[in-house]
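Sequence order for the protein chains is A and B.
So for the first sequence, the working numbering puts the first residue at 1; every next one is plus one.
So for the second sequence, the working numbering puts the first residue at 1; every next one is plus one.
Hint data in this document are derived by calculation from the structure and do not stem from the laboratory.
Beta carbons are placed, not taken as given, at the ideal position from N, Cα and C, and that holds for glycine.
A hint or two may mislead.
As the list claims (entries may be wrong) - Not everything, but these chain A residues come out facing chain B in the computed CB check (under 7 Å):
#1 Val222
#2 Asp223
#3 Val289
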Amino acid sequence: MSESDRQFLLEGERAGMRYTLTVPRSTASATAGLQLGRRAGTSLEFRDHRDYQPGDDVRRIDWSAFARSDKLIVKLFREEISPHLDLVLDGSRSMALGASAKQEAVTGLAAILAVAAENAGYSHRAWLARDWCEPVANGKGRPSTWEGLKFDFRGNLGESFTRLPPKFGRQGMRVLISDLLWLGEPMTILRYLAQGASAVVVLQLIAEADADPPERGRLRLVDSETEEQREIFIDDAAIERYRKALARHQQNWHRACRQIGAVMINLIAEQVVRGWNLEPLIKAEVLKV
Amino acid sequence: MPIFTLPLAFIGLLAVPALIAIYWLRNRAREHQVSSLLLWLDERQKWEGGQRIHHLQTPLLFFLELLLILLLVMAAAGPKLRAGQSGSPLVVVLDDSFSMLAGNQESARTRALAALEGELRSHRYEPLRLVIAGETPQVLGEASSQSGDAVKWLKDWKCAAHLAKLEEAVAFALELGGSRARVLVVTDHAPPEELHDGKIEWWAFGSPRPNVAFVNATRTTRDNQERVLLELANLSTSAGSTTLMVESINASDPNQQQSVTGDQQINSQSISLAAGETRRVVFTLKAGAPPLRARLGSDALDLDNLVVLMPESNRPIRVDLRVGNKDLRALLEKALQSAQNVLMTGDKPELVIGDETDAGGEVPDAWTLRIVVEKDASSFLGPFVIDRSHPLSEGLSLSGVVWGSGKGIQFPGMPIITAGNVPLLTDVDRAGKHELRLRLRPDLSTLQETPNWPILIWNLVAWRALSAPGLRQANVRLGSDATLKVEPGVKSVTVIDPRRRTTPLPVYDNAVTVKAETIGVYDLKTNEGQYLFAANALQREESDLTGAASGRWGNWASAAELQWEYRSITWLLLLLAMIVLAVHAWLVSRARGAR
Chain A
1 MSESDRQFLL
11 EGERAGMRYT
21 LTVPRSTASA
31 TAGLQLGRRA
41 GTSLEFRDHR
51 DYQPGDDVRR
61 IDWSAFARSD
71 KLIVKLFREE
81 ISPHLDLVLD
91 GSRSMALGAS
101 AKQEAVTGLA
111 AILAVAAENA
121 GYSHRAWLAR
131 DWCEPVANGK
141 GRPSTWEGLK
151 FDFRGNLGES
161 FTRLPPKFGR
171 QGMRVLISDL
181 LWLGEPMTIL
191 RYLAQGASAV
201 VVLQLIAEAD
211 ADPPERGRLR
221 LVDSETEEQR
231 EIFIDDAAIE
241 RYRKALARHQ
251 QNWHRACRQI
261 GAVMINLIAE
271 QVVRGWNLEP
281 LIKAEVLKV
Chain B
1 MPIFTLPLAF
11 IGLLAVPALI
21 AIYWLRNRAR
31 EHQVSSLLLW
41 LDERQKWEGG
51 QRIHHLQTPL
61 LFFLELLLIL
71 LLVMAAAGPK
81 LRAGQSGSPL
91 VVVLDDSFSM
101 LAGNQESART
111 RALAALEGEL
121 RSHRYEPLRL
131 VIAGETPQVL
141 GEASSQSGDA
151 VKWLKDWKCA
161 AHLAKLEEAV
171 AFALELGGSR
181 ARVLVVTDHA
191 PPEELHDGKI
201 EWWAFGSPRP
211 NVAFVNATRT
221 TRDNQERVLL
231 ELANLSTSAG
241 STTLMVESIN
251 ASDPNQQQSV
261 TGDQQINSQS
271 ISLAAGETRR
281 VVFTLKAGAP
291 PLRARLGSDA
301 LDLDNLVVLM
311 PESNRPIRVD
321 LRVGNKDLRA
331 LLEKALQSAQ
341 NVLMTGDKPE
351 LVIGDETDAG
361 GEVPDAWTLR
371 IVVEKDASSF
381 LGPFVIDRSH
391 PLSEGLSLSG
401 VVWGSGKGIQ
411 FPGMPIITAG
421 NVPLLTDVDR
431 AGKHELRLRL
441 RPDLSTLQET
451 PNWPILIWNL
461 VAWRALSAPG
471 LRQANVRLGS
481 DATLKVEPGV
491 KSVTVIDPRR
501 RTTPLPVYDN
511 AVTVKAETIG
521 VYDLKTNEGQ
531 YLFAANALQR
541 EESDLTGAAS
551 GRWGNWASAA
561 ELQWEYRSIT
571 WLLLLLAMIV
581 LAVHAWLVSR
591 ARGAR
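Excised from the complex, chain A in its bound form:
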């Protein structure tokens, strides 16, 4: 891991001290620790009764109710789960796009979320999606102690999840930080993220150059991941077509996120690192000051 990445983590760590992680209301709420799980569980808080069904723990049979009604009734308690945050960082090369603040932003943002999670009493774990999804060394600790952050994967995130998905914490909150710029079905990885999650947040972090290509004229565009090259003449019309394509792509992801109850937030890396402005996350109730 480079010294600059370490610096970004420290900056994020410092910036994240002001925030605490929250669960967006719009998501299927899942408590963890301070939060109550939706399912019946092993906590002491009574939730409901229901008829006994074969296989139920006989220790949960409400014998008093059986005495009164001669029916086997099982007491249901809220499930008690530990609040946990799984941070999945896109390790593809596009996240370290030259002449952009994407690498700085993704590193710092991850640190902020990790610190905010700590502030909220969450445990956390950072994952790096490269050839497969691998845990970041010291990813459970302070972000400044994280090791092995490398943004050099030439494939797409879907392939990483397919090869080896992360072992997410049960009923935890899952946050994916990626530019989402690959060709593939969003549900491929959203399905992994949503499975057993209390909340899913997808942060699309793109560079200003991704949102608004600044250059005009005859360009030889080089794909930062595949290094594939294409000579393109860029004029206002081409820019307009690009913007429409980006909007369609983002709408596609938003639609997929809504399907699984996830929150998707679009971020511009340069705007994020400019004073670590996290207003979009606060608005979306992912962070709280």
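Knowing the structure of chain A, use the given hints to seat chain B on it.
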């Protein structure tokens, strides 16, 4: 291959690398890294779909612009192309002087004809013009592209002129042929100066040859006998000899060059001459002798070996002296006697001299001199104002002369001599008939005691004689004019030249002038008589063949030839450039419309 008159314009080709640089910089793709080509995929597909158009259009525009630059640069360089299959204009200046005939069968003219025929048959000239260079340049035949026509017209090149003004002829030829024309000068001597301009070629076919020629011949009548002067010159660098034969010839056929029956030999001698020597032969004949023919032995140029001398007209002027003043009459008689060819008679006078005592009537066609002797007179010491353009004033010098006259009577006419504002001698011209008035008091004058008096009377008689019918000169040099005065009423004169060609000439101002362009005897006939005059080749410069030369000077193939043989195609290149520009504009507008 085109040639370029302004090759400096090729500096404009520097625009080509500039254009290439512009296209290279414009079309050079800058490398730009993007997160993913995903979102450019549609654009890329469009690009690839339209790539053919762009890749086709851009080089096409480039090549059009390149072509445009080349066309403009070439146009600026002043390109000229050969004028295709059409021949170039040629004007041939032919030396028409008689020296071209020197050498007889091997004359410069003969050799020039052969060379010209070869040149005209081997090259195509269009148009071809022939200019004869004599005293004045003359066009021979018409402009033609057929060498046969020119060869035919060359037969009329006789080389009979007494001189050839080649410079004037060349200038005329250049003007006649236009800016593209070549000029070929055909002569027998080298050009006077080196030819530099490339427009003129100078072909000479002469050869230096020794030649003995007549350079002067006169026949004058004086004191009832005729004096004949012949001048012979040995125009060579070595001594030579020749024979001189003088014979009287039959006046009925004076153009006969050889002796015939009836001809009478007058003089025959063998003459030896040193190199460059001129010898005079003088002899006298009785008045009224027939025409003479003088011949020299045959040499390089025969034309100048023959001289025909016709007898000069010696008709006297008939003067009627009607002066009553004895002193004045004596002065006039004395002066008239000193003048030539004066016949004092009252019968059909041509000149009447009278004073106030003259009671005679007016004589038709006679000139009059009226001498006015006024009683009230004074002596004028001068200064005298003399009209020097008048025939009567020739040779007069009145300095120191005392002229006594009155001034009471007004004289009409143009003053010839005046003393202050007093006209002393006046002239009134009445349609060729002159009325002269002289104001003179001999007793108060010294005029009659000076040479001015006989000079004045001489001038009067000579002037009158000039206006009398008849030839002024019976023997002229080749190229000179012979003037015949005729009686009033004669409208035309028939001229028969030595080649027996008859030409009627109209009469103007009672005179006909005939230019002697051929050696021999001219016959002028009017209703009232026949007049003969001879034209002889008496030009030392033309007879002198020592300066003749052969060779060719000048070169049409020099740089100036290009201006003559090539035609500018600048207009064509500019037209092509405009077409290319239009196509370029159309392609650009179409490409914009496609976007």
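Status of each hint after checking the structure:
Proximity of Val222 of chain A to chain B holds as hinted, the smallest CB-CB distance being about 5 Å (cut-off 7 Å). Against a cut-off of 7 Å between C-beta atoms, the interface hint on Asp223 of chain A holds, since the closest Cβ of chain B lies about 5 Å away. A cut of 7 Å between beta carbons decides the hint on Val289 of chain A: the least distance to chain B is about 31 Å, and the hint is violated.
The structure fails to meet hint 3 from the earlier list, while all remaining hints are met.
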